[in-house]
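**Q** These protein sequence lines map, in sequence, to chains Y and E. If you use this note's numbering, the first sequence corresponds to residues 1 to 249, in order. If you use this note's numbering, the second sequence corresponds to residues 1 to 840, in order.
Incorrect hints may appear among the rest.
[What the hints assert, rightly or not] From chain E, some residues computed to sit far from chain Y (all C-beta separations above 12 Å):
id, residue
1, Asp437
2, Asn512
3, Asp663
[As the list claims (entries may be wrong)] Below, in silico cross-link-like pairs of lysine-lysine (DSSO-like), each with a Cα-Cα straight-line distance of 30 Å or less:
id, chain 1, residue 1, chain 2, residue 2
4, E, Lys462, E, Lys442
5, E, Lys145, E, Lys462
6, E, Lys470, Y, Lys148
7, E, Lys145, E, Lys110
8, E, Lys502, E, Lys470
9, Y, Lys148, E, Lys615
Simulated from the structure, these hints should not be mistaken for lab results. Ideal placement from N, C-alpha and C gives every residue a C-beta, glycine not left out.
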Amino acid sequence: MSEADGPEVGREATGAALDIADWQLACRQRALVYGWLSTLYAAEVPSKTLSAYFAGDAAPLLDGLAALGLDTEVRRLRAALATLAEAQYPALELAADFAQLFLLDNKTGASPYASVYDGEDPRFCGAAEARMRAFLAGSALAIRDEFKEPADHLAIHLAIVARLAEQHGDADDVGAAASDAAAFLRDALLVWLPGFASRCDGAKPQFDFYPALAALTLAFVRQDEFFLCDAAGGGDLSASTARQKRGGA
Amino acid sequence: MNYSRRGFLKAMTLLSGAGLVAPSLLVPRRAGAAAPSTAGAAATDDIRTWKITGSHFGAIRAKVVGDRVVEVRPFEHDKNPTEMINGIIGLIYGPSRVRYPMVRLDWYRKRHLSDTSQRGDNRFVRVGWDEAIDLFYSELERIQKDYGPWALHTGGVGWRSVGQVHSCGNHMVRGVGMHGRSVGTAGDYSTGAGQTILPYVLGSTEVYSQGTSWDVILDESKLIVFWANDPIKNLQVGWNTETHEAYAYYEQLKQKIAAKGIRVICVDPVKSKTQNYLAAEHQYVNPMTDVPLMLAIAHTLVKENLHDKKFLDTYTLGFERFLPYLQGTGEDGVEKTPEWAATICGIPADRIRELARLMAKNRTQLIFGWAIQRQQHGEQPYWMGAVLAAMLGQIGLPGGGISYAHHYSSVGVSSSGAAMPGAFPLNLDPGRKPKHDNTDYKGYSAVLPIARVIDALLEPGKEIDFNGNKVKLAPYKMAIFTGCNQWHRQPQRNRMKEAWQKLETVVAIDYNWTATCRFADIVLPACTPYERNDIDAYGSYSNRGIIAMQKLIDPLFHSRSDFDIFRALTRRFNRDNEYTRGLDEMQWVEKLYEDCRKENGLKDIPMPPFAEFWKKGFVLFPEGKPWVRHADFRDDAEVNALGTPSGFIEIFSRKIERYGYPDCKGHPVWMEKIERSHGGPGSDRHPLWLQSVHPDKRLHSQLCESEPLRATYAIQGREPVFISPADASARGIKHGDLVRVFNDRGQLLAGANVSDNFPPGVVRIQEGAWYGPTGPDMGTLDTYGDPNTLTLDIGTSSLAQATSANTCLVQIEKFTGTAPPVMSFGGPIEVDPEGREVKV
Numbered sequence: 001m002s003e004a005d006g007p008e009v010g011r012e013a014t015g016a017a018l019d020i021a022d023w024q025l026a027c028r029q030r031a032l033v034y035g036w037l038s039t040l041y042a043a044e045v046p047s048k049t050l051s052a053y054f055a056g057d058a059a060p061l062l063d064g065l066a067a068l069g070l071d072t073e074v075r076r077l078r079a080a081l082a083t084l085a086e087a088q089y090p091a092l093e094l095a096a097d098f099a100q101l102f103l104l105d106n107k108t109g110a111s112p113y114a115s116v117y118d119g120e121d122p123r124f125c126g127a128a129e130a131r132m133r134a135f136l137a138g139s140a141l142a143i144r145d146e147f148k149e150p151a152d153h154l155a156i157h158l159a160i161v162a163r164l165a166e167q168h169g170d171a172d173d174v175g176a177a178a179s180d181a182a183a184f185l186r187d188a189l190l191v192w193l194p195g196f197a198s199r200c201d202g203a204k205p206q207f208d209f210y211p212a213l214a215a216l217t218l219a220f221v222r223q224d225e226f227f228l229c230d231a232a233g234g235g236d237l238s239a240s241t242a243r244q245k246r247g248g249a
Numbered sequence: 001m002n003y004s005r006r007g008f009l010k011a012m013t014l015l016s017g018a019g020l021v022a023p024s025l026l027v028p029r030r031a032g033a034a035a036p037s038t039a040g041a042a043a044t045d046d047i048r049t050w051k052i053t054g055s056h057f058g059a060i061r062a063k064v065v066g067d068r069v070v071e072v073r074p075f076e077h078d079k080n081p082t083e084m085i086n087g088i089i090g091l092i093y094g095p096s097r098v099r100y101p102m103v104r105l106d107w108y109r110k111r112h113l114s115d116t117s118q119r120g121d122n123r124f125v126r127v128g129w130d131e132a133i134d135l136f137y138s139e140l141e142r143i144q145k146d147y148g149p150w151a152l153h154t155g156g157v158g159w160r161s162v163g164q165v166h167s168c169g170n171h172m173v174r175g176v177g178m179h180g181r182s183v184g185t186a187g188d189y190s191t192g193a194g195q196t197i198l199p200y201v202l203g204s205t206e207v208y209s210q211g212t213s214w215d216v217i218l219d220e221s222k223l224i225v226f227w228a229n230d231p232i233k234n235l236q237v238g239w240n241t242e243t244h245e246a247y248a249y250y251e252q253l254k255q256k257i258a259a260k261g262i263r264v265i266c267v268d269p270v271k272s273k274t275q276n277y278l279a280a281e282h283q284y285v286n287p288m289t290d291v292p293l294m295l296a297i298a299h300t301l302v303k304e305n306l307h308d309k310k311f312l313d314t315y316t317l318g319f320e321r322f323l324p325y326l327q328g329t330g331e332d333g334v335e336k337t338p339e340w341a342a343t344i345c346g347i348p349a350d351r352i353r354e355l356a357r358l359m360a361k362n363r364t365q366l367i368f369g370w371a372i373q374r375q376q377h378g379e380q381p382y383w384m385g386a387v388l389a390a391m392l393g394q395i396g397l398p399g400g401g402i403s404y405a406h407h408y409s410s411v412g413v414s415s416s417g418a419a420m421p422g423a424f425p426l427n428l429d430p431g432r433k434p435k436h437d438n439t440d441y442k443g444y445s446a447v448l449p450i451a452r453v454i455d456a457l458l459e460p461g462k463e464i465d466f467n468g469n470k471v472k473l474a475p476y477k478m479a480i481f482t483g484c485n486q487w488h489r490q491p492q493r494n495r496m497k498e499a500w501q502k503l504e505t506v507v508a509i510d511y512n513w514t515a516t517c518r519f520a521d522i523v524l525p526a527c528t529p530y531e532r533n534d535i536d537a538y539g540s541y542s543n544r545g546i547i548a549m550q551k552l553i554d555p556l557f558h559s560r561s562d563f564d565i566f567r568a569l570t571r572r573f574n575r576d577n578e579y580t581r582g583l584d585e586m587q588w589v590e591k592l593y594e595d596c597r598k599e600n601g602l603k604d605i606p607m608p609p610f611a612e613f614w615k616k617g618f619v620l621f622p623e624g625k626p627w628v629r630h631a632d633f634r635d636d637a638e639v640n641a642l643g644t645p646s647g648f649i650e651i652f653s654r655k656i657e658r659y660g661y662p663d664c665k666g667h668p669v670w671m672e673k674i675e676r677s678h679g680g681p682g683s684d685r686h687p688l689w690l691q692s693v694h695p696d697k698r699l700h701s702q703l704c705e706s707e708p709l710r711a712t713y714a715i716q717g718r719e720p721v722f723i724s725p726a727d728a729s730a731r732g733i734k735h736g737d738l739v740r741v742f743n744d745r746g747q748l749l750a751g752a753n754v755s756d757n758f759p760p761g762v763v764r765i766q767e768g769a770w771y772g773p774t775g776p777d778m779g780t781l782d783t784y785g786d787p788n789t790l791t792l793d794i795g796t797s798s799l800a801q802a803t804s805a806n807t808c809l810v811q812i813e814k815f816t817g818t819a820p821p822v823m824s825f826g827g828p829i830e831v832d833p834e835g836r837e838v839k840v
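The following block holds chain E by itself, in its conformation from the complex (with noise of 0.2 Å):
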């Protein structure tokens, strides 16, 4: 390149073009408006003039100078903040930030007709808003006319942003819905088997449910097992913004078990955080074969005759019709002694009989997680849990009984008993039906197990047993998912893939490009929590208080609040007015909480005036009394009465017997697994159990975009692999190493994190690891580690068709070749018109 003044300035006299040249982008500052850079000058250091807001992760409070978060701290009455708020910045200004409503270029052009084998890692063309919107409404439309509700599904929202008035599934539940119906989902791919299974047993979900008060079980407890459960990894998060409380009370336990007295035992494969936490017993147990090893138990229960017959008659039914089946003289003729047990979960007879003996002598509160009830006849282990805790006669003692909840959001942190504010309605007002005032639904179901909708495309019209129901799947044609990443929570990748082809038309609300996005046909940018004003319930279970949600920030780029969008595809139809009754964003975030102070007002508990809310950002309510879970029941069992059938504690269900499920019978039992660890079935092959629990530095996938926080955790860029030493060196792994890991149903690369925490035989990758294929095919290596791209997708039984993450065998070894680079985070493969890749 040469430089002459002459020659360019005799080049400068020959350019022209300005009619190829829009108009600048940059205007004069107006006058009076504030300069950017100096209207968050007043921002002082004292964070209670900060902003305020609320998360999963915990309230936050938020320095913004000139419109932009520069630095977040967790709010001033948050004893116990996660480091998952480092996270929040890196997730407003990520990198994956969905900028612009985006439609898939072959569905641009040949809208539901495209070729849709193309989907994922796929052109994108950007739209303005009016076209997006214009495009969803026609969907719809075309769908509800040519089809009917049974060709489009909603699909179910699970951990949604927090804030009331935004809700992203109430928002699309009542636009959609007032469009035309759908078909929906049941059940929650958390506890989707223990939710259906304890209403038979326990007359509850259980999982959902308060548990028995901190105050009571450090006081009265002497034996806590914590049977596959890690709160203290899993306390981190809540359903509605989280208080932390709970950790208070993890650490005086920690106290007790170094001052003897109390004993904890964690009955886990893994050595987990909880168990380090608090210097804890650890009881090894097999993989999956938890049920055995309650079964021995039960069985020693009743031979050294430590069992209270007394509790039993009074308040459980059908422990006799269990009885034959723990001894020997029922069916299978199998006697479940602890040496039948310790060949199959790995713990010696004399182990089981001790552990038998202790939990009889003590005050013992058995606390069950939740990833056990994720895996193939996940019934089992908490009806199991459910009839031991019963042969132990402490239900509804304080400090005794069984709980399926004490990890998550900080149950068992007593309830103060305020009313916490509603939501933005999630159904049609009432008396007002749809624009397609269709219900003809072909004979398919109009919902579907959340888990099984998958086989809904692959199998479509096939009935299904579902908790005493049948169901058949519809295959519907158009799919609409919002503030959720399907792509992370369903099992079995590749067969997902195979499932997606078949859909015609995929809409992905969000505010990043999960792989949901990228295998959808339309993407409309949602804007953050943090980009918007709401409110929130601060403490779930404890309803300590209100959160003002202040709007940080603008939303960035094109993104809108998820009212906006459902608000103008309302508008489509001319319901916008019905749809927000009139109210925009501030005046519901009001409404919702003078609603909430009238009903608190009636309780004596006070409340100050919205506007003075709003200024200081939240409102606490003093702690409430102590509880003890089913101790009303325990009182009085007929005036408290179950929610069973029966009113009791049903350890044999006449219910689920007359359902006739081969796999799911009226009374806990052991069955095999289709595949299995130490010894079990498909070990010879894929010697590994994968268990995907839910992340240490995450929520599910939230979180995982953001790459200040994932670089605390990623080897190589990757999601972690834990494997015990043992394993690693058998396969010339040493830490830090890239590993493939695999089965048949596909394959992934991560990093291999070596950790005397876990045993020979059992590895971990946390769920929530963004998917990232290196192409559109099936099969693909996935490259940075989604532990769902090996997964098995069955149902845990006919009851609860259930996700079944957690039985999966995998096999490992050593990376060798050029890594390709992390594609999760990425933007799409370039592919040309027959859907190939272009090599880079």
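Extracted from the complex, chain Y is given alone in its bound form (with noise of 0.2 Å):
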């Protein structure tokens, strides 16, 4: 992608290598967003956990994502959180819309699912389902057996990010560790994840947590991408000169 193709953003040049530790930190922290995403569209959220929510728990997250500039994002969730705390049962409404926007069907719902996104073929386990099956074999990774989701489901993209981001911080080539994940971030998620958040509001459901979610979501997955071509451009401790072309700056 091309500066020209991405969103009307400001980006501060900076062209300096990026600190080792810089970057350590941030991989960690990346992995927790991304970590936390996935659990959020893995499954609906547990009784317990949201309880937790609703006291506060996910304040130091929400505050660091909207440190990020991601503020709109994200009191627009704390929003639907409060709206939902009011409800008489809202782990079982949560729950309720969780099914109907991610496991009843893909017409009126938001399947978290990138081939029912593909512009060319749109439809359940498409081509993307096939290439992130061949990304992960090539990964050596598989799927925890209990989540039986074709491999296009948003929550392992999400979980693919996540480990790249933890594997990243010790890698040796922090360039072409940065370009790879930015590379995967453009062209597994950023093509369909704009879909997929429209289709969230459009499907309106019952509270507002998981349209909220998937803007924040996508909010959150621009501005990693715009720093990991930083990291990759200007953020070189040993890349190649081709590298430091790529990126923001």
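Reassemble the complex: the two chains are provided individually, in unrelated frames, and hints are given to aid placement.
**A** See the structure below:
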């Protein structure tokens, strides 16, 4: 993606090399965020966990995301949580929203599968699913037995990015690692995430939690892609000059 | 949105919340485990190396790569495969798959006290299998303890997926039956009237009987009359795995017609696929007036002394009691002349006489379809057809007489004589009793005529006539449906909606989010037949062979086989070992095969041992000998008496006469319909007759969910309504337009398919189109085009109480405005806690 293709944003040019400690910290924390998002798309929020959300356990996470410049999205999610907290059976209501959006069907819900958003041939278990299976196989990874979903499920994508982030913290070639991760975001995720988020909006579940989460997810992934491009381009500790040409700044 | 490295890194330091993160979904691939993308690399282009399985649509070979079905081809021995198999991949990987056990939210909270008006397009929550089975089991317990067996309805299973081990109805009946008794059903939706009347007349159902071999018909018949029958359309599917062998004979028939060796007349309001394929003659008849036409033909036969008096004397009973009705000296005093019939059936009197002479002069084979008996008084055309055949005197002759089944499951392809595999047991093992051994139905009947299951909810305790018996309708509280889409086959949706609100608990087991699932409280995901091992007969009547149904892929999502589902249920009351007889899936497959092998061994029909069969994937048996239906009866009517009360063909049935039914008397009669087009009752307001025949590109509602297949026939994403050019133009409708089809019972959206095959006053929407109402309220618009939104839910008569779906009038208009999206294949509509739709 060239800069011209990206959203209208301002970016601070750096060009300076990324400190290895900063890179490692960022990777750890990015893994945390992606792991968190993957968790939320993988299954319904258990009642106990939802209570923890209501009690403010997610505040440090949400504050951090707001500080990233995602304050609009974070505000929306907080508001959704507040509304949900008023419900008589919040966990059940949220589970029904989860079911409507992600478990029943892709016509009026918001299917969490990449291949359903394939512009060429939108269908269930289509080409994107085959690509993801090949990617997992190539990475010597498998999906947990109990998660019986096609490989192009959003939660799998997010789990892969989380895993890449964990591994990349120790990378010798930060530029290459960042570049690979950015490419994955662009090629595997950002091609359909906007469509998914707008489907979540359009499906109008009872509560705004999942549409708000989808908006936050999209915003975070975009922001992260900027960071990775920055890291790939300017943040070189040992990367090739070719890679330095890529990305932001 | 702004990005700055400093800001990003600073924000990163603020983040924490590991407690909200579950363990990763990813794990390292186990050493030695084959990578899925390469596991199928061995699949070659030689389809004989691919996996094999069976289906109603035929046997197939499937290329499986990395636990994904990537290609489906017809079995190499199927010379006339149907394009329906192109829908199979879309069925397996359908967006409508039920993926997890789901429970309707309000039911989950309040159980049987839930707000049932919310049912349909409602909110569900996912539960684990253990919880789902617990809920299912505790409901069965509650029903048996609080009410008794009259309160539980086990829905009649229709076209369950093929496979003798996993046949879903057997699992439900046995599994639930081990727990307690229930209210079951009698008859079926396909042939309810025919299968009830014909045992009185010809001594068997005839609709499910082997017919005269095609070799004989092609050699001997000079005139074949396809009466309301479209075999070219309907032979695509079979009850067991279909061989499509009958098509070869239709090809020969086509040549014989061209060479003027055989005349074929299709009596039908519509130019059928069969007529067009064969280039046969068309005999138009006004809808639902076949009985007047037949009566007038019979009248001509008598008047011109063309009827076979010797045959009538030797083989039939009661012609003399029918004759006064025909000649106008009976009760109604109306002579059934061609002139009389012409005004009703729309065929000129001279043409009727000509048809009578043609039939009498030639060796004539009458072949009736089934749709004609799915109308009010549907018993009559079948009975009158038999009377006509008896008067022609050719029953039991090669290439003569009458058939009610040559459009079904390759009837007419001679049988190999080999035994076919048995099935997983339907009933409890001998001597075993249900856990709740209660036979007290509180005076209600234990069986409902299948098409009257909605009456039972709306008219609880009503006593109705049924085939010589009285049935007291049980107002059941809980219903279980497995592998059948009740919300497809039962007429009159809005009436059904009203009735459904009276149900406390509905359990649906299926692999798709059918309307039946969406109107259920507990939905259990069955896997498709392509996700389990099984065995099936190849050729329902030809007994051509046995097909190994090799599991193509593991069950998707959390779906399970019916075997596993009911094993889990019976485990709740510690009878799972009894349920399975200690055998697992493959042991059952092997047992059914080896039992069959033993049986065929006794007939000197060899079969290889199981392992060899399973590897090869099929056994085929040689063709059988040509055969003539009722020839044995004709040969010796005493020794080979029919199954009728007298042993003879009963033109007059004393038994039926004794029932005293006003709508099914002692001999066939013409009765006006409650509504009828072409000048009949109600045609002033709703002038178009809606026929809902069996579909051309589905099996009932099966495969409607397959998007690639649906794309080949849907119009603007909707089910097509076929309409004549004249009716379309009179309404300003063009081919491809969106139209609203409506009557006082309901309304639907469909896509207009303007076709020359349809005469004025006749429209067609094929049954099986998925129901997709815009909302849970009564009368809402069906967005896809399910004809049962419009059909009428009355019994055919006091005799069969069968479905009358083809007695239906409608009006059509061009749809203007913004069309709602198709809901049939979508998720539920969102409703607020008061049940009101939340507008998008």
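**Q** Since Asp437(E) was said not to touch the interface, does its Cβ keep a gap of more than 12 Å from each Cβ of chain Y?
**A** holds (37 Å)
**Q** Does Lys615(E) lie within 30 Å of Lys148(Y) when you go C-alpha to C-alpha?
**A** Distance of about 29 Å is within 30 Å: holds.
**Q** For a C-alpha distance cap of 30 Å, please report whether Lys145(E) and Lys110(E) respect it.
**A** Roughly 19 Å between the alpha carbons, so the hint for Lys145(E) and Lys110(E) holds.
**Q** Does the structure keep Lys462(E) and Lys442(E) at a Cα separation of 30 Å or less?
**A** At roughly 13 Å apart (the allowed maximum being 30 Å), Lys442(E) and Lys462(E) satisfy the hint.
**Q** Find the nearest Cβ of chain Y to the Cβ of Asn512(E) and say whether that gap is larger than 12 Å.
**A** Non-interface label on Asn512(E) violated, nearest chain Y Cβ at 10 Å vs cutoff 12 Å.
**Q** Starting from Lys145(E), check that the Cα of Lys462(E) is at most 30 Å away, please.
**A** Since the Cα atoms of Lys145(E) and Lys462(E) sit roughly 24 Å apart, the hinted pair holds (cutoff 30 Å).
**Q** Given the hint that Lys502(E) pairs with Lys470(E), test it: the Cα-Cα distance must not exceed 30 Å.
**A** Answer holds: Lys502(E) to Lys470(E) is near 24 Å, not above 30 Å.
**Q** Since Asp663(E) was said not to touch the interface, does its Cβ keep a gap of more than 12 Å from each Cβ of chain Y?
**A** holds (43 Å)
**Q** Taking 30 Å as the top limit, are the C-alpha atoms of Lys470(E) and Lys148(Y) close enough?
**A** violated (51 Å)
Violated hints, listed in ascending order, are 2, 6; each of the other numbered hints is respected by the structure.
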